[in-house]
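Please dock the two separately framed chains into a single complex, following the hints provided.
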Amino acid sequence: MPDLHEISLIVNGVVREVTVPARRLLSDCLRHDLGLTGTHVGCEHGVCGACTILLDGEPARSCLTLAVTAAGHEITTVEGLAGDDGPSAVQRAFRECHGLQCGFCTPGFLCTATALLRENPAPTDEEVVEGLSGNLCRCTGYQNIVKSVHRAAELLAEES
Amino acid sequence: MGASVLRPDGALKVSGEFAYSSDLWLDGMLWGATLRSPHPSAWIRSIDIGPALAMPGVYAVLTHEDVPGEKFYGLENKDQPVLAIDQVRYQGEPVALVAADHPETARRAADAIVVTYGEREAVTDPRVALERRMLVRHQPVRVGSTFSADVVVTGEYEVGMQDQAFLGPESGLAVPAEDGGVDLYIATQWLHVDQGQVAPCLGLPPEKVRLTLAGVGGAFGAREDLSMQIHASMLALRTGKPVKMVYGREESFFGHVHRHPAWMRYEHGATLDGRLVYVKAEILLDGGAYTSSSPAVVGNAASLGVGPYEVDNVHIDAYGTFTNNPPCGAMRGFGAVQACYAYESQMDRLAAACGLTPVEIRIRNAVSQGSRLATGQVVDTPAPLAEMLRDLDAMPLPESVSRDLRDLPGGVGQTTHGDGVRRGVGYGVGIKNICFSEGFDDYSTARVRVELLGGEPHVLVHTAAAEVGQGLVIIQAQIARTELGIDHVTVAPADTQVGSSGSSSASRQSYVTGGAVKTACEAVRERIEKDGRPLEVILQDGPIEETREYRHRRTFPMDPVTGQGDSHTQLALCVHRAVVDVDVELGLVKVVELAAVQDVGKILNPLALEGQIHGGTAQGLGLALMEEIQVRDGKVLNPSFTDYLIPTILDMPPMQLKILENPDPNAPYGLRGAGEPPTLSSTPAIAAAVRNATGLPLSRVPIRPQDIALA
Chain A
1 MPDLHEISLI
11 VNGVVREVTV
21 PARRLLSDCL
31 RHDLGLTGTH
41 VGCEHGVCGA
51 CTILLDGEPA
61 RSCLTLAVTA
71 AGHEITTVEG
81 LAGDDGPSAV
91 QRAFRECHGL
101 QCGFCTPGFL
111 CTATALLREN
121 PAPTDEEVVE
131 GLSGNLCRCT
141 GYQNIVKSVH
151 RAAELLAEES
Chain B
1 MGASVLRPDG
11 ALKVSGEFAY
21 SSDLWLDGML
31 WGATLRSPHP
41 SAWIRSIDIG
51 PALAMPGVYA
61 VLTHEDVPGE
71 KFYGLENKDQ
81 PVLAIDQVRY
91 QGEPVALVAA
101 DHPETARRAA
111 DAIVVTYGER
121 EAVTDPRVAL
131 ERRMLVRHQP
141 VRVGSTFSAD
151 VVVTGEYEVG
161 MQDQAFLGPE
171 SGLAVPAEDG
181 GVDLYIATQW
191 LHVDQGQVAP
201 CLGLPPEKVR
211 LTLAGVGGAF
221 GAREDLSMQI
231 HASMLALRTG
241 KPVKMVYGRE
251 ESFFGHVHRH
261 PAWMRYEHGA
271 TLDGRLVYVK
281 AEILLDGGAY
291 TSSSPAVVGN
301 AASLGVGPYE
311 VDNVHIDAYG
321 TFTNNPPCGA
331 MRGFGAVQAC
341 YAYESQMDRL
351 AAACGLTPVE
361 IRIRNAVSQG
371 SRLATGQVVD
381 TPAPLAEMLR
391 DLDAMPLPES
401 VSRDLRDLPG
411 GVGQTTHGDG
421 VRRGVGYGVG
431 IKNICFSEGF
441 DDYSTARVRV
451 ELLGGEPHVL
461 VHTAAAEVGQ
471 GLVIIQAQIA
481 RTELGIDHVT
491 VAPADTQVGS
501 SGSSSASRQS
511 YVTGGAVKTA
521 CEAVRERIEK
531 DGRPLEVILQ
541 DGPIEETREY
551 RHRRTFPMDP
561 VTGQGDSHTQ
571 LALCVHRAVV
581 DVDVELGLVK
591 VVELAAVQDV
601 GKILNPLALE
611 GQIHGGTAQG
621 LGLALMEEIQ
631 VRDGKVLNPS
641 FTDYLIPTIL
651 DMPPMQLKIL
661 ENPDPNAPYG
671 LRGAGEPPTL
681 SSTPAIAAAV
691 RNATGLPLSR
701 VPIRPQDIAL
711 A
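Going down the list, the protein sequences come from chains A and B. Under the numbering used here, the first residue of the first sequence carries the number 1, and numbering increases by one thereafter. Under the numbering used here, the first residue of the second sequence carries the number 1, and numbering increases by one thereafter.
Hints are computed from structural coordinates only; laboratory data are not their basis. Predicted model only: the values in this text are computed from it and were never measured. Be aware that a few hints might be false.
Just some of the chain A residues that point at chain B, by a computed CB distance under 8 Å [as the list claims (entries may be wrong)]:
(1) Gly42
(2) Ser133
(3) Gln143
Cross-link-like lysine-lysine pairs, in silico, DSS-like; alpha carbons within 27 Å at most [what the hints assert, rightly or not]:
(4) B:Lys635 - B:Lys78
(5) B:Lys241 - B:Lys208
(6) A:Lys147 - B:Lys658
(7) B:Lys208 - B:Lys78
(8) B:Lys71 - B:Lys280
(9) A:Lys147 - B:Lys602
Over 12 Å on every C-beta distance to chain A, these chain B residues come out as not near it, computed from the model [stated by the list, open to error]:
(10) Ile44
(11) Arg45
(12) Gly74
(13) Asn77
(14) Val115
(15) Tyr117
(16) Glu131
(17) Arg133
(18) Phe147
(19) Lys241
(20) Gly439
(21) Asp441
(22) Asp541
(23) Glu546
(24) Ile649
(25) Leu660
In this text, a Cβ means the ideal position worked out from N, Cα and C, and glycines have one as well.
For reference, chain B alone in the conformation it holds in the complex (with noise of 0.2 Å):
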């Protein structure tokens, strides 16, 4: 433990033999297709699928009449309809399947299908339908009775929708069985709920519908809702065959939620020496067209609202809205990036409001250990803020702006000479729930059974917990080995034939997954001790095997009015400093570095960990920088890698990172969940940096060359 052991799907990775969702194949297999609504808001007069199911190797059409079960499904409000009925709610909504026997046929057969429209009003503007109460969620937070103070600085924000473009788009193999039910391979990030969300709408018993993990191309969130599980199920039960299903890139961007976009009004007050005395927010989520895990990323926003700080006065209210636009749920951050992205941009201001420096008024106002949160909630372990941002400013900034051509903002482009190419420095603060929230009944479950294999032990791990890129196969192996000693440690493809191990999302998996493991590691490790011979003769009577499940600490939910509770069971801290240069003419702006100090509790595997880290700062860098989804009037206008840009390698500066190691002691080694923290900094450190380079406010991300510019 603690060692950078390899990963051990590294060697099939760069050989081109793992097996990903999109790679599968059996003889004989049709493939799925899925027609979608053009329209964000319609009724649906009439679906004729007659052309479609005329063409030669088309095997099947289906339409929501042929949803052999429930006909919704959903994360936490079963709201969504397998496939349209009668309306049409979003643009991208699927209406209609087809199974051919080759991916071009099912998707010329798809086209063909006629299905006639009668367009109505969309409301996608997310202050109307809140002016409407067409509210997934509202949480308030109410602490206090003073909101005046000396200083008072105010600030309204706003937060692009970003997409996760994990980079394997989604897909999955459906196999019809003999027993009248289905095995699906599948690219998820929760074997469990997809189990009981798809087992319903197919009218079988979950134990018929067995799901087994397939590669993941990455996930983000973005693989935390149903996408064509339900759908390839539906298709291979109707026709008897396999029926493989493989989203484009386009399809992908209406085949799965995004992050919610964010309108926000925030108003601090604090003391002329710059320490908060109180806080108001208004925090409004457009969740778009269906619950998703909205209700979740509301409470986020509400419970982490005024970030890691001090202050004994919150009036919030956290608003998620229906619209007819994109359905929004989780990504990476998960409602804690919108907020850090406001309260960091307001630290700046009451900063500069007393005249302080952007670590010092954060320092002056940092959580400890002992503090208590917003939400009541108090911090009943290391939470070293203070000390981070100290460590933070003592690492070495870069060289000054650059005399090469090529490292100026544009790059080879040669768009300046650097005249009007101006550095900039910015520091951001986040802090992130690790976990399932609010009462959530979380945990996770592993089997480990220890045999003899050419006479020597051999430990096997079998969870249903999804590796999707973040290393757990790595912590589960480590984690074995660890606690029984052997050296041989295989963990199992995961799948629904152990319990569940819950999402791998909010950082958790090394927490909850790790501490089953560790759990049933004890077990084994126990009965072995307990019979006292040795290992190898006690193997010879057969394996050993104990399955446990795991729980952290309880969780509460928020008062529905006052928004108290013991919500989170433990919180972690990341902190981002970026250096830019912009070119503040042309609006283009180049990040020279960024430099991290996250607290982790205890390192498990400091390879593994460090691409957690750096992978998390990039797509909070897309978030500051480049990554929109562009809707107008509830359509999508950039569903491409042509238009919805990503960081490239380019784009990416060298980080510097130092990584603390406080104890939970809550937690199994007393780690500290690592993946999301650093997505939640990085965006409010570059905003930042781009301000004190150009002096703008700059309060929308991602920021436009535009909104320099012509400023």
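For reference, chain A alone in the conformation it holds in the complex (with noise of 0.2 Å):
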């Protein structure tokens, strides 16, 4: 067996206590170890975004973060971004504005979509785009995401 590491994650909120190999990933430990099965894995490489989780709420693709590495930060996942009151204003708007079908890529754009509006609180088309751009869809075409967030900047503003 390999040695085992025992560490302490932060996730949503919550110190969650884990015991894995220095090699787990961090998204096989959110979705195996804790049962957080939002975040998804479509390439295990990077490329997709599916897996993008917030990192001390910077997006980070959890299939190349080790889990060791994430001892003692903050990890916010898809079942994070809700408030006490429901869900986020980026979750709504997505949902609102059809800017999924099969959802498999969602948490990712969700994640990523939520740092770059508390970054840039009103984006333009470009810069909705360029934000996106590490993300896969296979389904939408992009064209509601795009609109989406739009949305959600629009919410957001109105709750502020």
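Structure (structure tokens):
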């Protein structure tokens, strides 16, 4: 058996203790060890972006991150995007604007868009497209994803 | 009906709670892994499973000898072995299976199986296969006898092998049942055709193989054939434990069929004023190692091989070959895509030869209601192609080439300052058959139940139709609400506890399953009306439930010699205009805008419909410019998303859409299937735009940078 490491991760605001081998991927740790299957794995090498999570608020590919390197850091997965009063503005906008079909890529887009809008609350079309260019979607042709991000910006502006 | 009702699964899909097949979990479950052939063609001299079985954590290692029932399966022809028997016919063919307590253990155990192969000649050139008559189907079309004309244009065209590249790789969970059967939770397109193939191979009656649809991460044809359904079930039955299988991306490229690559030779003859006199074509589609759905794909290529144009003299030979290349089968557009790229390329050549615009040549030859297709079938419903082309032409064009470097081909790579960038505009037209064709008994079943819950009437709609992302769950609920006037509608999970709904393919589910739900609702409504009492009172006696099958108009086989026959039940049209900027020195293409006009008969849900047109268009863009499984000597060179490129948000331009509603009186609500037609027409439109920008013939898609820069 390989050496195991006891680490604690702060996942969606909750401290979670896990014991993992050094090379356990963060995506596998979240999905298999912690049962958070909302983080999806589409390509296993950082291209498709379905596994995107927020690591200390910044989008990161959980399929390219070792769980041990995230020890002590704050991780937000799609399950942690909603607030006490329900789904986040980004989540509501993707649903309302039909920014998803099969939905497999959606958690990655939601995390990426959440970070994008935090940095830039009123992005232009170009900035949305640039900001989401690291996430693949095979169903939507992206048109409604662009709309969803603009709609989320509106919702966030209304809430603030 | 007609409103943009939100998807009922949307809330779970944005919260991360929607359970995809890869997310399923049972305590004590095992993980399955597949050992696949590294060779495109070889004898299997021996298989030694000993080293794998000896590994701690391994519960079972299975080969073809362990297949409990029939050893072969297939959609149209049972020619594919569940596990290879004595020989392999393509790279990636499953040879052995492992179940272990951890996915890594299973993978390593699979690698520990020792297979001795004797490599042999692989036939990988479909032209050689054609010479040797290794054919899955040859379908001719023969009409008329005039094959000379004042204007003649010829061309040879190629289409690369495209992958469906859904984002959620193949996965499923097989659970052994107390009755000796198996419960399979699976991402698929057609539960009952899976059941019909899985059960005989397990040696079980169909009722002991119960399938439930798990969350599907996209499909696009790739889930019509079986992947791990029989394998996971075999492992579960052998070990007595639940077995989960999840393919990785690389394995996914080997685990499903692809779009047939095509080699096509066309000759179009026309009058001086651009009216078609004849079309001759040879269409060669490589089906790879096994039959899959190749016969139907070849049928589509033949019957739709001249496109939506009136022409009295047609001579087509469409062939599907067997080779040692990866098996090819269903992908969105299904045989109509390849021919469309070729005949639309030809229409542009003809336009140039006749001194007409691309729009004018198409309008002059466009089919309309009453036209006769090459198969002799009369287009008996609205087909306003000329009007669609005029609408498309009238849409405003985007501004001229941008001065912003980020908008130029190459983008932030700043490969150009705009010198060498040329603008091009191109048009494409496509015609797609909706629903299954050529005499297939194509139907769907719906069970609709109305009952009192908390004192209020609720509707439960139960079908086996697969929601694969397209939005069928919304349409089913909308139909029930419309027909019954009851707000509370739930669509039950799809499973095999109700009759077949057929496949979520051929753009057919709104039509056929929509029709079944509508018909079952009408039967419920009839009972309510007959009773006469208020609904709440009737329901106090108990629920009302009706199950109905729905069939579309009968279709007929194509004549094997002449190709004649009313082979299709519905035809759908889409037209695209593409605007591109091309860096002619570097061969980089940026699609600036895509505009489309599609006639859908009746809009059921605008949001979902537009989503289908956007998504279909994007897949056509991928085929035009970047998507190709590169196969050399039968081996796939790029089975990853690093090397197989699909369009990103930066590649996909803004779209203008115009949607027409000319109803088809034969279809429920007059609707026309909508998912596939945009995938046909966007590819030739983009290719034509790149030709327009570069002046190059570009007779192959995807158009690679070197095709432009080194031309």
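For each hint, the structure was consulted:
no. : hint                : in the structure
1   : Gly42               : 4 Å, holds
2   : Ser133              : 5 Å, holds
3   : Gln143              : 4 Å, holds
4   : B:Lys635 - B:Lys78  : 24 Å, holds
5   : B:Lys241 - B:Lys208 : 16 Å, holds
6   : A:Lys147 - B:Lys658 : 18 Å, holds
7   : B:Lys208 - B:Lys78  : 21 Å, holds
8   : B:Lys71 - B:Lys280  : 42 Å, violated
9   : A:Lys147 - B:Lys602 : 24 Å, holds
10  : Ile44               : 29 Å, holds
11  : Arg45               : 33 Å, holds
12  : Gly74               : 26 Å, holds
13  : Asn77               : 29 Å, holds
14  : Val115              : 25 Å, holds
15  : Tyr117              : 27 Å, holds
16  : Glu131              : 37 Å, holds
17  : Arg133              : 37 Å, holds
18  : Phe147              : 41 Å, holds
19  : Lys241              : 17 Å, holds
20  : Gly439              : 32 Å, holds
21  : Asp441              : 29 Å, holds
22  : Asp541              : 39 Å, holds
23  : Glu546              : 30 Å, holds
24  : Ile649              : 4 Å, violated
25  : Leu660              : 19 Å, holds
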